[in-house]
Amino acid sequence: MKRRWNIYKNMMNGVTYLLPFVVAGSIFIAFAFMVNSTSFGNIDFGTGTTIQTWFQETGAIIMGFVLPVLAGYISYAIADRPGMLPGFIAGALALAGDSGFLGALLGGFIAGYVSLGLIKLFDHLPHSWSGIKTIILFPVLGILFTAILMLGVNVVVTPLSNSLQTFLSGLNGLSAIVIGLLAGAMMAYDMGGPVNKIAYLIGVASIINGTSSMLMASVMVGGMTPPLGIALATLLFKKKFTGEQIKLGRNNWIMGATFMTEGAIPFASENPKAVLPSIMIGSAIAGSLTAIFQTTLSIPHGGIFVIVFMHNWWGFVIALLSGMIVTAFMLVIRLTTHKKAT
Amino acid sequence: MVKIVCVTACPTGIAHTYMAAEMLEHTGELMGIEVLVETNGAMGVENKLKVKDIEEAIAVIVAADIKVEMKRFIGKPLIEVPVSDAIFEAKALLQDAIDGKYSTY
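Protein chains in written order, with our numbering: chain A, 1 to 342; chain B, 1 to 105.
These are calculated hints, taken from the structure and not from any lab test. Where hints are given, some of them may not hold.
Claimed, not checked - Going by beta-carbon spacing under 8 Å, a handful of chain A positions derived as facing chain B: (1) I7; (2) K9; (3) N13; (4) V15; (5) T16; (6) L19; (7) V23; (8) A24; (9) G193; (10) K197; (11) E262; (12) I265; (13) S269.
Backbone N, C-alpha and C fix where the C-beta goes; we use that ideal spot for every residue, glycine too.
Starting from the given sequences, assemble the full structure and let the hints guide the process.
So this is what it looks like as structure tokens:
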């Protein structure tokens, strides 16, 4: 358990630094599509103009940092500063070798443990060598061994990564609906915890090339529904909640609108038997509805602020509202049948 | 007054981190102990723990899902838990700290 927890923690250290890059990069690329879109004001606005190219290229450069940052900070979490450089290079090699998200993930761990091994190996060197160690030995040897191992990773993982990518971004029809249902439920299950993050990461993996996917839309709507549904419940059925909860419910409008599932936590910890099933079902319904409406999204965060960038955005709005209403009504019913039990 | 220092951190760095911090501080207040919390969120390190406070603290609680600076806690009774534990079980965490249940880091 302790071991698995550490792996999760190291991985999340990469994700925490990666997030702003994916958000900014995908929004820039979405801008490029927006100024290029024929539906924008119904004229061929900005087709192939310098502005479009500029957004596209800047966005691509930002996205280029995603894999190196992911691997770099995973490795940094494992081996501290000596791990950082080999980690960044491992990510860059994954990018160059097309092994993508999976390759970079693996590369981060490889670089980290290689660096850790080097630290152990040179531990008994005299103190006067410590400068040489950190400035030459760790970077050069660390990169050398990591890069050699990455050759293998790129060979093995690239086909896997490509088929996963095609599978995730190409999901449609019934499979997209089922996966959307599952993703929604997972997003609500622990509200920002490990299960939520796994669903979220798979969603992010489906858009990391700068493409948009149905899965990402399902994931986002699944993460927004719980706090918004609860907020709606506190607004409609004031009698079922305490004064403090109604205040928290008001906060949840903002938390939900900005895709922060965590807003639901105080309610869930108070009465998990009533809250958890309600938000999971609400999110599952919302997640499958976006897939039914074929809403796609290319941006991994931002909530209502990125709705304008969605394809079939109205599907997202319908799904979100349906999920909220289901959550709110189910919550009220469950609250009546399951009086406060901790 | 008994003093306990904590660090909270989560992957996204905008919600869990601060909810855990608030929970620990609030629970500490109810229990009548001084709880100082450093948050490592998307804004970077806020409320950085002072060396003096770490020295005076009887225990350290690190509730983090990502890497935080640990070397400064060497020699202190310390526990590492997922950030969500600080939200759900703040009271038990603090009580165990007072009872001296944590092993030295």
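Checked hints:
1. Checking A/I7 against chain B: minimum C-beta separation of about 12 Å lies over 8 Å; hint violated.
2. Proximity of A/K9 to chain B holds as hinted, the smallest CB-CB distance being about 6 Å (cut-off 8 Å).
3. A cut of 8 Å between beta carbons decides the hint on A/N13: the least distance to chain B is about 4 Å, and the hint holds.
4. Satisfaction of the interface hint for A/V15 is found here, the shortest Cβ-Cβ separation to chain B being roughly 5 Å, below the 8 Å cut-off.
5. At its closest, the beta carbon of A/T16 sits 5 Å from a beta carbon of chain B; the interface hint therefore holds under the 8 Å criterion.
6. The beta carbon of A/L19 is positioned within 8 Å of a beta carbon in chain B (closest approach about 7 Å), and the interface hint is therefore held.
7. Restraint check, A/V23 versus chain B: the minimum CB separation of about 11 Å is more than 8 Å; hint violated.
8. For the restraint placing A/A24 at the interface with chain B, the shortest Cβ-Cβ distance is roughly 13 Å, beyond the 8 Å limit, so the hint is violated.
9. Because the beta carbon of A/G193 sits about 5 Å from the nearest beta carbon in chain B, less than 8 Å, this interface hint is met.
10. Among the interface hints, the one on A/K197 holds; its C-beta lies about 6 Å from the nearest C-beta in chain B, closer than the 8 Å criterion.
11. The closest approach between the C-beta of A/E262 and any C-beta of chain B is roughly 4 Å, which is under the 8 Å cut-off, so the hint is satisfied.
12. Taking 8 Å as the C-beta cut-off, the interface hint given for A/I265 holds, the closest approach to chain B being about 6 Å.
13. Look at A/S269: its Cβ gets to within about 5 Å of chain B, closer than 8 Å, so that hint holds up.
Hints 1, 7 and 8 from the earlier list are contradicted by this structure; the remaining hints agree with it.
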